[in-house]
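Keeping their order, the protein sequence lines are chains L and W. Taking UniProt numbering, I'd label the letters of the first sequence as residues 1 to 358. Taking UniProt numbering, I'd label the letters of the second sequence as residues 1 to 358.
Just so you know, the hints here were simulated from the structure itself, not pulled from any lab data. Honestly, I wouldn't trust all of these hints.
Repeated chains share a single entry, so a pair holds when one copy, or any two copies, can fit it.
[What the hints assert, rightly or not] Distance condition first, Cα-Cα at most 25 Å in a straight line; then the derived DMTMM-like pairs of lysine to aspartate or glutamate: (1) Lys90 to Glu64; (2) Lys82 to Glu196; (3) Lys62 to Glu202; (4) Lys24 to Glu195; (5) Lys199 to Asp334; (6) Lys199 to Glu160; (7) Lys182 to Asp80; (8) Lys199 to Glu258; (9) Lys105 to Glu262; (10) Lys212 to Glu160; (11) Lys162 to Glu202; (12) Lys82 to Asp92.
Protein chains: 2
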Amino acid sequence: MMSQPAWPKIALTDIVLDAMGSDKAPEPEVRGAILACREHAVRVHLVGPEAALRATLDDYLKGERLPIHVVNATERIGMDEKAAVAVRNKRDSSMRVGLKIVREKRAAGFLTAGNTGAAMATAKMVLGALPGVDRPALTAILPTSSGSPCVLLDVGANVECKPQNLEQFAVMGEMYSRSVLKIARPRVGLLSIGEEESKGNELTREAYGLLKQLPINFIGNVEGRDIYNGNADVIVCDGFVGNVALKTSEGLGRLVSEMLRESLTRTVTAQAGALLSRKALKEFKKRLDYREYGGAPLLGVRGVCIVGHGSSNDRAIMNGIRVAAEFAQAGINDRIEREFSQRPIDPPPANRFGLPLQ
Amino acid sequence: MMSQPAWPKIALTDIVLDAMGSDKAPEPEVRGAILACREHAVRVHLVGPEAALRATLDDYLKGERLPIHVVNATERIGMDEKAAVAVRNKRDSSMRVGLKIVREKRAAGFLTAGNTGAAMATAKMVLGALPGVDRPALTAILPTSSGSPCVLLDVGANVECKPQNLEQFAVMGEMYSRSVLKIARPRVGLLSIGEEESKGNELTREAYGLLKQLPINFIGNVEGRDIYNGNADVIVCDGFVGNVALKTSEGLGRLVSEMLRESLTRTVTAQAGALLSRKALKEFKKRLDYREYGGAPLLGVRGVCIVGHGSSNDRAIMNGIRVAAEFAQAGINDRIEREFSQRPIDPPPANRFGLPLQ
């Protein structure tokens, strides 16, 4: 039986990992934590039923000493539990215990692959919103044909939004793209159904007026196809529309994989050809895989909170831990706070780059 | 120079084709009309600049006699023209002249691969809405993993909807699925962001109450992924959300094709393997191709109106003509009219199949 390892004497970023989040928890979490500690300068606080976690950890570590710290939490919020009820009733859930560590500043970030609604509700309750932020936003980082990912928000935290919420999403998304994804001058678009300013619904038309006065590189309305074609670095929308766009993509992605497998099986008869194609298919699926991007950050809460997919494997967990550490190191939350506290009451008439708004 | 052909003595369905719709018009239209006449029992009214059309037609027909009738229209509505302006100013556009033929009952249906907004506006103006229908809906027919297509509406005709509009979309979509796609008991879902009745925004929550009282097989809320996984035969939503879902799919579809081509090129080195894979890729793209489904019907207008994609090729045009003919033969509009005229003031408490509403 292993005791807690001695921490190495270098600066590590502390990340809390909900060990009971994913569909197959805690195996992917335990193995993901190990991978992350081996590859990145992080210390992982693994939260869940202590005895069981310690046993699983010992199995996988096989005596190796890594900065993984087990924190006890006796309850688990299931995937199908109603967020509001679970958050209220399960006071010793791995999510709640984990987020408290972030609130107490004993860790820089939190990652869970569990129930998205419960994670958002718990984070909002335990961490609270950043000053100036009315509504935190769940943010998806999606692949594009240009190779540089597109930041889409909100994808489900806020079903009904006001124009001011979309304005705040734009500021937060731009900051994330600039600080974590290292895009120098992120192009920010407003998701609508036509390019002209007049196109869209009441919400988007009003939000357009606010966005074009922000000190960001606002490129005007964009359409659904622009999420993937590399025309925008950040796209804002209300949480209902963003969630539909994200889940539609998920559904189409699955259909495509199925169809592709069938097409390859049907047309590629030679053994060698099938083998080669299988390799191509695998590489392709990896490129399309959101898991490579490490989960969806919840932007606008006081602390770093990343929500991974329930089907996360160890590699996805490792990437999520890396993303949480990068997010924390980039100091985005301080920047968002500063941005909102500095925002002029009467906004400037043009954007700071003097670019055409269409 | 060919004279008008003598019509064969069998019953033909008359379909009007906007010859000036697609990006490469009129070639795809002329060739698509020829393919349709050869393969299906249709007579095509080809609308556009008469002399030019007749010359192109003669080139492709090479003396073959087919029931294709040229109708003169001197103006063309461009892809980027504003619908409202184009409809008002271009009184001799191929769309308007073509739709008038349908209004005058000299043809059973109309197909255009032109400007979607202009086609919808012209159809609403020239044909008008069916009695009982407040808002016609643009309808996409999408592929699913079950092999049976999913009917999604509205995908762009109505940006802001009331719950009653979604209710009417459900009735019309169900009718289309049953009559044209031959689904015996279409499962109708309401596009939302969670399965429970309480999930969604104000519009979907109110629409839920109306839909569950309809005499259709309402399966409750569905999510974006259900568009493609075969869980529903008909999915209703407002035109903003539907348009975002459709265009997001289009964008992802394109990204997938690009990535796939790259992955195959990179990993499949042997000539034979590349050849086989290219065949698989082609087959796969065909299965995902909306063109195989023949365009998007505008449901709820007095007459049959189908809008194809601007990039339609001759095969897409042929399929669109076939779909228009099937739509007309199915007598859907009469059924929709009957349905709305027969609808009880006080709707029955359960659906007619006694199925659980969740």
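Evaluation of the provided hints:
1. Lys90 to Glu64: So Lys90 and Glu64 fail the 25 Å test inside a copy (34 Å) and across (77 Å) alike.
2. Lys82 to Glu196: The answer is between: 10 Å across copies meets 25 Å, while 40 Å in one copy does not.
3. Lys62 to Glu202: neither (59 Å within a copy, 54 Å between copies)
4. Lys24 to Glu195: Between. Shortest inter-copy distance 23 Å satisfies the 25 Å Cα cut-off; intra-copy 43 Å does not.
5. Lys199 to Asp334: This pair counts as neither: shortest intra-copy Cα distance 35 Å, inter-copy 33 Å.
6. Lys199 to Glu160: both (19 Å within a copy, 12 Å between copies)
7. Lys182 to Asp80: Neither. Shortest intra-copy (36 Å) and inter-copy (35 Å) distances fail the 25 Å Cα cut-off.
8. Lys199 to Glu258: The answer is neither: 36 Å in one copy and 29 Å across copies each exceed 25 Å.
9. Lys105 to Glu262: neither (51 Å within a copy, 45 Å between copies)
10. Lys212 to Glu160: both (22 Å within a copy, 23 Å between copies)
11. Lys162 to Glu202: Both. Shortest intra-copy (10 Å) and inter-copy (14 Å) distances satisfy the 25 Å Cα cut-off.
12. Lys82 to Asp92: For Lys82 and Asp92, the Cα distance is within 25 Å only inside one copy (16 Å; across copies 58 Å).
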